[in-house]
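2 protein chains.
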Amino acid sequence: MLSLSKRAVLMPASPIRKLVPFAQEAKKRGIKVYHLNIGQPDIKTPELFFEAIRNFNAPVLEYALSQGDLKLIDSFREYYKEWNIDFAQDEIIITNGGSEAIIMSMMAIGDPGDEVLVPEPFYANYNGFACEAGMTVKPITTKAEEGFHLPSKEYIKSLIKPNTKAIMISNPGNPTGAVYTKEELTMLGEIALEHDIFLIGDEVYREFVYDGLKFTSLMDIPGIEDRVIICDSISKRYSACGARIGCVCSKNKEFMKTIMKFAQARLCAPTIEMIGATALVHTAKEYFEEVHHEYQKRRDIVYNALKNIPGVVCEKPMGAFYVVAKLPVYDAEDFAKWMLTDFNIDNETTMVAPAAGFYATPGLGKDEVRLAYILKEEDLVAAMDILAKGIEAYKNR
Amino acid sequence: MLSLSKRAVLMPASPIRKLVPFAQEAKKRGIKVYHLNIGQPDIKTPELFFEAIRNFNAPVLEYALSQGDLKLIDSFREYYKEWNIDFAQDEIIITNGGSEAIIMSMMAIGDPGDEVLVPEPFYANYNGFACEAGMTVKPITTKAEEGFHLPSKEYIKSLIKPNTKAIMISNPGNPTGAVYTKEELTMLGEIALEHDIFLIGDEVYREFVYDGLKFTSLMDIPGIEDRVIICDSISKRYSACGARIGCVCSKNKEFMKTIMKFAQARLCAPTIEMIGATALVHTAKEYFEEVHHEYQKRRDIVYNALKNIPGVVCEKPMGAFYVVAKLPVYDAEDFAKWMLTDFNIDNETTMVAPAAGFYATPGLGKDEVRLAYILKEEDLVAAMDILAKGIEAYKNR
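Those protein sequence lines, which keep their order, are chains V and U. Mapping the first sequence onto UniProt numbering, position 134 (from 1) lands on 134, and the numbers just tick up by one. Mapping the second sequence onto UniProt numbering, position 37 (from 1) lands on 37, and the numbers just tick up by one.
In isolation and in its complexed conformation, chain V is listed as follows (with noise of 0.2 Å):
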């Protein structure tokens, strides 16, 4: 019998893009969807970027280097000293957006049937990154009652065993919307010391923290270089998702020569992108600005609509762009499936990701989704107006 791997049953659909079809049927019968359930931020890419790239003209598109043009790792180092993080010219290396950065990085770690720890509820394509690599996500169950914290170092170190070869966070985190303190990050550090592991950092949020809160990096640790693995990418920071740019970043030079490895058997990033992403260094701090002032709004709308919805859970989310919220309901894809097949007002309803596939404990999640606030503030007031009439209503089928 003609048959597939393991791993090809084993690897997980995508959670976040279930519920695509019952919303692609709303929209056939003319109801308009607002997109709360994935995390494409409508905010413009910097000009530079789409200059950069109109003023290519080199005859020949050629490969470039495996580690990714060096004028765009200098950018990145640039961008990393203002953060006061010092990477050398070696020390990074371009990838196809964070996520080839994250999968090679399990792959250099892990082999089949090892573990890699990972705060719960955590972005579901983790799953599927250590599904590719033959390893298991190993949840360390966070709360949404604790916004989301890291539980004692004690209880995480109960979790670690001996095919335990990392733990990774995202930090600010999608899909919680919690930054860890600089006291959590220590913690780990020490946990991470004690049992020689990994800690991969997956930090495409960094600039997303609001409230005037400070972001630690786990670069920021002093003791643990040698152990941490920074997965980063441009998506975010500049709006640039289809760039398709990220990079993996680490001053263990085994590491980096085992990634380096990865990176030539694919040859190359993208040689246009990478051009484009190279001007971003350059963007204006006004931009920032702007852009965290905008999210900040937003979250605020979103938070303060979810506080007034009767029996939702969540605490203050103070990074990234987006909240996992507890709402009064039994089964949050039910729900979410029910208001785009059930629901609308004035022939609009809002889209929202059940947060269950977020969580590799069964069970967990089932009450709570995941909620973006990556549209514009009007949308956004419109899209959580419905979302609150949409519970009422569900509540009272």
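All clues stand as given, with none of them false.
In silico EDC-like pairs for lysine to aspartate or glutamate, Cα to Cα no more than 16 Å straight-line:
| # | chain 1 | residue 1 | chain 2 | residue 2 |
| --- | --- | --- | --- | --- |
| 1 | V | 6 | U | 115 |
| 2 | U | 44 | V | 62 |
| 3 | V | 157 | V | 115 |
| 4 | U | 6 | V | 115 |
| 5 | V | 307 | V | 392 |
| 6 | V | 44 | U | 62 |
| 7 | V | 6 | U | 254 |
| 8 | V | 44 | V | 290 |
| 9 | V | 326 | V | 145 |
| 10 | U | 6 | V | 254 |
| 11 | U | 6 | V | 111 |
| 12 | V | 153 | V | 183 |
| 13 | V | 32 | V | 385 |
| 14 | U | 251 | U | 226 |
| 15 | V | 6 | U | 111 |
| 16 | V | 157 | V | 184 |
Covered stretches of chain U, as calculated for chain V (at least 3 residues, CB under 8 Å):
| # | stretch |
| --- | --- |
| 17 | 13-21 |
| 18 | 41-53 |
| 19 | 97-104 |
| 20 | 108-122 |
| 21 | 195-204 |
| 22 | 247-258 |
| 23 | 263-269 |
Rather than coming from a laboratory, the hints here were simulated on the basis of the structure. C-beta: ideal position from N, C-alpha, C; glycine also.
Could you slot chain U onto chain V? The hints should help.
What follows is chain U alone, placed relative to chain V:
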């Protein structure tokens, strides 16, 4: 002990890029190096690509569909129709170059410990892709004296074990320049049916077939459509290596569903490069005729020069833009290195790729090199002249 994965250790470094430091050293000493070691063509990328990119004017560089831009998929469909191959829209998924198409295909059909049979010498990165999937490439040895054509059906069948998941071919062949006959492909089809395994066709050099020979695709063999996987790329066809746009195509629905799950996990291929690639389907016939004419001329220059070097063994390569030749030296890697460190004519030398890295069987190919005929006529003539004199001088050291 903080340790990397077994895969990290097993992962091969690129044998093609191994001698690069010696070339860099030579250049520092003022030596001009003719690069016959890499497959980076000097042919101009059609202007259509750059025009399309310059005309891109969406304000936000958004994620594309995970499957790939539908217009690009349709342009591939149009392209295949000209080859009398009919793919539906859901039978094509856009990948980050042909590389990702192959990695994903391997991951979809094989688990750690499984094997894929490949005629050797083969494109060295197949080893890396297999390693990432935890699989092993098992060689079907072919010989320079036989123009690298396939051995008997009986012999190939004898190599198949219960954990053999597929036979993969590069056709036209990188690094051999061999073009498989319809009879050879039919034989592979019979084997695939008899043993219920997949056939993966890396057909990125489809256009590069010389002397009026007709290219046959695995898709042209009737009765095996459920087990054929085509891995493709625009890199060589349109001299757009840096775009990293490829695709994986199959009529096997379960296989394509799996590829779609891998595609969703890494979100999408680069948006801008897809826009450029979509335009390429309208490339004028004259472009291909000119390129084809140019490469056939280059092939003749290289082949004729090789035949005039005493002791060299090679059959006339019929496709791609490579040739593997047996040289009258004991250790071709040492020779290739020596050409960079100890030899030059009027401060010019030629760089070739030692072929041992293209073999899986230890010891094979030690006296062989791969030449890529990707330079313009006068440079190629000079490079081959230097190579001939280098071989002579190396023998008389």
